[in-house]
Amino acid sequence: MPVDEWASAACLFAGICASGAASGGELNPALCAGMVSEDIAYRGADADVSSFFTFSAWEFLGGLLAACAVRASHEGQPLEKAPLLSK
Numbered sequence: 017m018p019v020d021e022w023a024s025a026a027c028l029f030a031g032i033c034a035s036g037a038a039s040g041g042e043l044n045p046a047l048c049a050g051m052v053s054e055d056i057a058y059r060g061a062d063a064d065v066s067s068f069f070t071f072s073a074w075e076f077l078g079g080l081l082a083a084c085a086v087r088a089s090h091e092g093q094p095l096e097k098a099p100l101l102s103k
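17 is the number of the first residue of the sequence shown in my numbering; add one for each residue after it.
Simulated from the structure, these hints should not be mistaken for lab results.
Listed next, with one range per pair, are the computed distances between beta-carbon atoms: (1) A82 - A49: 16 to 26 Å; (2) A61 - A82: 34 to 44 Å; (3) A63 - E21: 33 to 43 Å; (4) E91 - Y58: 44 to 54 Å.
For every residue, glycine included, the Cβ atom is placed at its ideal position computed from N, Cα and C.
Full structure from sequences and hints, please.
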């Protein structure tokens, strides 16, 4: 496995560990949506959906900040197309 894949996995693991106390390690808005829809299916009107909007907003903000950090750390380097998009 290439080093960059190990680095990505290590960053993801660190993010899950760091955010575990605040969000249960949910770093993906789709995961939050699935958990909220399951809560709605089982609890109906008593389900708490307010956490979905809060968690999703922070997750999108975190993704935006991560993208900005990657872009800033690769300043001056040409952007390469992803292998799947280059076909």
